[in-house]
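Colleague: So the chains spell out like this:
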Amino acid sequence: MTNIILETRGLSKSFGAVTAAADINITINEEEIVGVIGSNGAGKTTFINMVTGYLTPSEGTILFRGKDITGLSPMQVTRTGICRSFQVAQLFPELTTLENMLVAHSMLSKKRLGWQRPLKSQVNIDAAMGALEGYGIDNYADAQVTTLPQGVRKLLDIAMAMVGSPALLLLDEPTSGVAIEEKFALMDTVMEAVNRSGAANFFVEHDMEIVSRYATRVIAFYDGRVIADGPTAEALANPEVKEFIVGTELHRQQSESGEHAEN
Amino acid sequence: MDTILVILIDGIVYSSWLFIVSAGLTLVYGVMKILNMAHGSLYAIGAYSAASMVGLYFSAGYVPWGSYAVFLGAAVVAGALAGLLIERGVLRLMYGRDEVIMILVTYGVLLILEDVIKLIWGVDAYFAYQPYSLVGRTKLLGITFANYDFLLIAAAVSIGLLLWAGLNRTRQGKLLRSVIHDREISVAMGINVKRTFLVTFIIGSSLGALAGGLTAPALSVVPGIGVEVIILAFAVVVIGGLGSVGGAAVGALMVGICRALAVHTFPQVELFVIYGVMAMVLMVRPEGLFVTTTARRI
Amino acid sequence: MHRADKTPRNLCLALVVLLAAGIIMPNWLTFLATVSIAKGMVVVGLIVLMRTGLVSFGQGLYYCLGGYTVGIAGNYLGITDVVGILFLSVVVAGIVGAILGLLLCRYREIFFAMLTMAFSMILYGVLVKSDNLGSTDGFNVAHVSLFGWVPSSDGVSIVIYSLACMIAFLTAFFIHRYFQSGMGFAGDSIRENEIRVEYLGISPRRVIFYKYVLAAVVAAVGGSITALVAGHVDPEMAYWTTSGEFVFVALLGGTGHVAAAFIGAFLFELIRTVAFDLSPYTWQMILGITLLMVILFLPKGLWSLITAQRTGRG
Numbered sequence: 000m001t002n003i004i005l006e007t008r009g010l011s012k013s014f015g016a017v018t019a020a021a022d023i024n025i026t027i028n029e030e031e032i033v034g035v036i037g038s039n040g041a042g043k044t045t046f047i048n049m050v051t052g053y054l055t056p057s058e059g060t061i062l063f064r065g066k067d068i069t070g071l072s073p074m075q076v077t078r079t080g081i082c083r084s085f086q087v088a089q090l091f092p093e094l095t096t097l098e099n100m101l102v103a104h105s106m107l108s109k110k111r112l113g114w115q116r117p118l119k120s121q122v123n124i125d126a127a128m129g130a131l132e133g134y135g136i137d138n139y140a141d142a143q144v145t146t147l148p149q150g151v152r153k154l155l156d157i158a159m160a161m162v163g164s165p166a167l168l169l170l171d172e173p174t175s176g177v178a179i180e181e182k183f184a185l186m187d188t189v190m191e192a193v194n195r196s197g198a199a200n201f202f203v204e205h206d207m208e209i210v211s212r213y214a215t216r217v218i219a220f221y222d223g224r225v226i227a228d229g230p231t232a233e234a235l236a237n238p239e240v241k242e243f244i245v246g247t248e249l250h251r252q253q254s255e256s257g258e259h260a261e262n
Numbered sequence: 000m001d002t003i004l005v006i007l008i009d010g011i012v013y014s015s016w017l018f019i020v021s022a023g024l025t026l027v028y029g030v031m032k033i034l035n036m037a038h039g040s041l042y043a044i045g046a047y048s049a050a051s052m053v054g055l056y057f058s059a060g061y062v063p064w065g066s067y068a069v070f071l072g073a074a075v076v077a078g079a080l081a082g083l084l085i086e087r088g089v090l091r092l093m094y095g096r097d098e099v100i101m102i103l104v105t106y107g108v109l110l111i112l113e114d115v116i117k118l119i120w121g122v123d124a125y126f127a128y129q130p131y132s133l134v135g136r137t138k139l140l141g142i143t144f145a146n147y148d149f150l151l152i153a154a155a156v157s158i159g160l161l162l163w164a165g166l167n168r169t170r171q172g173k174l175l176r177s178v179i180h181d182r183e184i185s186v187a188m189g190i191n192v193k194r195t196f197l198v199t200f201i202i203g204s205s206l207g208a209l210a211g212g213l214t215a216p217a218l219s220v221v222p223g224i225g226v227e228v229i230i231l232a233f234a235v236v237v238i239g240g241l242g243s244v245g246g247a248a249v250g251a252l253m254v255g256i257c258r259a260l261a262v263h264t265f266p267q268v269e270l271f272v273i274y275g276v277m278a279m280v281l282m283v284r285p286e287g288l289f290v291t292t293t294a295r296r297i
Numbered sequence: 000m001h002r003a004d005k006t007p008r009n010l011c012l013a014l015v016v017l018l019a020a021g022i023i024m025p026n027w028l029t030f031l032a033t034v035s036i037a038k039g040m041v042v043v044g045l046i047v048l049m050r051t052g053l054v055s056f057g058q059g060l061y062y063c064l065g066g067y068t069v070g071i072a073g074n075y076l077g078i079t080d081v082v083g084i085l086f087l088s089v090v091v092a093g094i095v096g097a098i099l100g101l102l103l104c105r106y107r108e109i110f111f112a113m114l115t116m117a118f119s120m121i122l123y124g125v126l127v128k129s130d131n132l133g134s135t136d137g138f139n140v141a142h143v144s145l146f147g148w149v150p151s152s153d154g155v156s157i158v159i160y161s162l163a164c165m166i167a168f169l170t171a172f173f174i175h176r177y178f179q180s181g182m183g184f185a186g187d188s189i190r191e192n193e194i195r196v197e198y199l200g201i202s203p204r205r206v207i208f209y210k211y212v213l214a215a216v217v218a219a220v221g222g223s224i225t226a227l228v229a230g231h232v233d234p235e236m237a238y239w240t241t242s243g244e245f246v247f248v249a250l251l252g253g254t255g256h257v258a259a260a261f262i263g264a265f266l267f268e269l270i271r272t273v274a275f276d277l278s279p280y281t282w283q284m285i286l287g288i289t290l291l292m293v294i295l296f297l298p299k300g301l302w303s304l305i306t307a308q309r310t311g312r313g
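Protein chains in written order, with numbering that gives the first Met the number 0: chain A, 0 to 262; chain B, 0 to 297; chain C, 0 to 313.
It is possible that part of the hints are untrue.
Said to hold, decoys possible - For lysine-lysine, the following DSS-like pairs were computed, each having C-alpha atoms within a straight-line distance of at most 30 Å:
(1) C/Lys5 x B/Lys32
(2) A/Lys119 x C/Lys128
(3) B/Lys173 x B/Lys193
(4) C/Lys299 x C/Lys5
(5) A/Lys241 x A/Lys182
(6) A/Lys66 x C/Lys299
(7) B/Lys32 x B/Lys173
(8) B/Lys138 x B/Lys32
(9) B/Lys193 x C/Lys128
(10) B/Lys117 x C/Lys5
Said to hold, decoys possible - What the simulated footprint calls covered on chain A by chain C, stretch by stretch (three residues with Cβ under 8 Å from a Cβ of chain C suffice, anywhere in the stretch; the number is not a length):
(11) 76–86
(12) 89–98
(13) 116–122
These aren't lab readings, by the way, just hints derived from the structure by calculation. Each residue gets a CB set at the ideal place from its N, CA and C atoms; glycine is no exception.
Produce the complete structure using the sequences and hints provided.
Modeller: See below:
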């Protein structure tokens with residue numbers, strides 16, 4: 000019997016006349032891997048923003064393991080066990096990769112910031128390096144974030160989110176901005192690390208190949224609503240999904256790989 | 000009963016003065032996203048210029064009624080000139096930096112101008128009472144008011160209307176509002192933002208100097224008046240919402256009336272009251288009363 | 000991978016040198032040094048805030064509170080013991096800082112800067128209108144004692160100087176380690192990406208609150224030392240131009256190291272004494288021009304000249 004980790008009921012968000020999300024009812028189970036598709040503006044990031052507390056829903060409730068977390072701040076949501084990554088990696092630009100990780104550790108896993116104990120103690124450094132190794136970016140440890148390539152930034156972003164060993168991880172377009180030939184390598188690394196931790200994984204993606212390869216379940220958003228929700232093959236075969244999403248995605252991929260061939 | 004009238008009129012006079020001082024400050028912020036600390040110095044430059052001009056004018060023996068155009072004109076010209084020099088000489092080198100760094104830049108300009116004022120006008124007090132006493136007094140319900148104060152109210156209303164008309168009814172004004180709303184898109188649409196900055200800053204400086212010029216006849220012009228003014232202007236501008244001229248009017252009214260209340264009942268808490276009002280407004284509306292929404296960042 | 004931290008050793012050396020020098024320094028230099036240390040204390044607090052991305056234009060509030068606490072304690076409460084006075088100063092600053100900090104921790108950038116300035120000016124206004132506290136003239140501070148021993152008029156300056164050196168040493172030691180701790184890096188993190196900090200489960204407001212109170216306390220200690228060495232306090236300590244001077248020193252020295260606060264303050268006092276004598280009407284202009292130059296050419300302050308590498312590290 001699978002346990003329900005996250006449940007949203009009637010979740011909606013409007014900005015004046017614009018409805019970003021309407022009546023979203025989603026249930027996520029422990030250790031489930033859910034792929035989320037939909038074109039830009041369909042409501043995927045809005046959904047993540049609401050669940051993680053960055054936006055207050057106009058209507059509806061969010062339950063984490065049965066507890067109502069609607070309206071909690073991102074800080075509180077993080078502490079209950081939901082972490083996320085961002086479309087544009089949210090890092091500390093002037094710090095190094097290692098320092099970013101050290102900070103994440105001191106904040107997430109210790110929750111009590113010391114006033115005199117050095118952050119860069121051997122114990123902390125070992126733990127942070129270990130985490131970086133898990134994502135294959137330990138060789139960038141002393142590089143300042145502003146110098147990092149996009150793929151490494153995304154990995155660091157996700158690695159930091161995972162520090163707290165969350166029960167649920169929301170990944171917002173983990174491979175966006177990353178070159179096509181690197182996307183699979185990145186997803187392999189991420190999926191492996193996340194599955195090792197046993198967290199439920201809810202990831203947003205535009206690449207259908209990635210979605211079909213990694214997700215066991217797919218949710219499709221369109222115009223603020225969920226238009227499909229089921230096992231991968233089934234959801235992707237849904238006629239509405241094909242018409243509104245897959246079709247445009249395929250077109251996008253074709254033009255993307257076309258551009259790439261020219262470069 | 001009389002006290003209420005005194006408080007009311009006193010408050011509105013003070014509000015008028017506050018509005019004229021603050022309008023330029025908030026306009027410059029709205030367009031350029033710079034909170035100009037040196038606005039206080041521009042006010043002082045206006046006051047000193049006006050005071051000097053009054054002295055020259057009346058000792059030369061010209062027609063007294065002509066003095067208004069002359070000394071106010073002098074203030075505006077001085078302010079515009081100073082604004083031009085500051086924008087071209089300093090600000091232009093610093094554009095694109097963090098908002099707080101820009102405040103520090105304007106702080107540097109303030110320091111420079113304070114000494115420039117001392118070098119030009121010295122440290123003695125200037126008195127320019129003639130235009131103030133020229134218009135006489137009126138008795139209302141047994142209390143005497145100086146007519147100059149009523150002139151101040153008229154000036155504030157005129158300036159407010161002019162600004163409103165300028166921003167909403169002219170083409171230039173609409174371009175300005177576009178830049179206030181979104182600089183990037185304005186540039187993309189071909190608006191000459193650099194020239195808009197220059198024009199705005201000159202207008203803002205002139206307004207600040209005009210405020211000083213209007214005040215010169217009412218009190219003694221001494222070093223440091225600019226510095227005191229900027230604190231008050233800031234409170235007004237924050238209450239109204241940075242960048243909103245209408246907000247500055249509302250803020251000026253609120254501050255003016257509350258301050259008048261304090262001054263006539265409990266004088267020690269004058270500054271307290273002004274900032275108390277600001278703190279209360281900020282607790283309910285953290286960005287001021289009239290402010291545009293900001294876009295989502297993640 | 001990481002260089003050994005030489006700062007603790009350097010601080011100890013500096014303390015020894017300063018204490019020894021105190022014996023042979025002429026009085027005017029002792030006075031200058033003590034004032035520099037006092038102002039350096041205020042700047043330390045500013046650096047803590049600036050590393051968090053906040054510029055306070057109102058540290059003069061606590062500087063003044065610290066000074067007046069000394070004055071009032073001596074003249075009205077009969078407390079002349081230095082340790083007692085400093086303790087009182089810390090408590091007063093802590094309480095006021097906590098109250099204001101609760102409000103201020105919600106604001107950033109311009110709002111934070113101008114609100115801090117406003118609160119400092121409010122104190123100024125209150126003091127100016129308080130005739131029994133001397134209004135604009137202020138009042139003189141009573142002679143101090145140390146655990147019952149009252150130093151002679153000649154010895155007082157050396158005692159205060161030595162005390163200031165030790166306080167500065169302890170502060171620098173503590174703050175240096177603070178910059179390298181979790182809380183220290185939390186400040187840098189908030190400055191760089193506040194949203195991310197929230198998503199890492201930490202409340203930026205709470206962190207800023209603690210930093211603000213810390214800055215308030217060190218500023219008050221600085222004000223107390225100033226009152227002790229100058230023998231006089233006045234409302235000018237809370238005037239916004241005083242706060243502006245602290246900001247100037249912080250920018251000039253840079254936020255890279257806690258020592259920059261004290262060295263910057265000393266340089267500033269030295270130059271000010273000389274320049275003011277030469278030309279009192281252009282002193283502020285020189286300050287202003289220097290400020291613009293620093294912003295243009297040395298945005299990380301003079302300390303960045305010392306560390307050729309990435310600055311911002313403690």
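Colleague: All the hints need checking, so say for each whether the structure fits it.
Modeller: For each hint, the structure was consulted:
no.	hint	result
1	C/Lys5 x B/Lys32	violated, 43 Å
2	A/Lys119 x C/Lys128	violated, 51 Å
3	B/Lys173 x B/Lys193	holds, 16 Å
4	C/Lys299 x C/Lys5	holds, 21 Å
5	A/Lys241 x A/Lys182	holds, 23 Å
6	A/Lys66 x C/Lys299	violated, 48 Å
7	B/Lys32 x B/Lys173	holds, 17 Å
8	B/Lys138 x B/Lys32	violated, 45 Å
9	B/Lys193 x C/Lys128	violated, 46 Å
10	B/Lys117 x C/Lys5	violated, 47 Å
11	76–86	holds (count 4)
12	89–98	holds (count 7)
13	116–122	holds (count 4)
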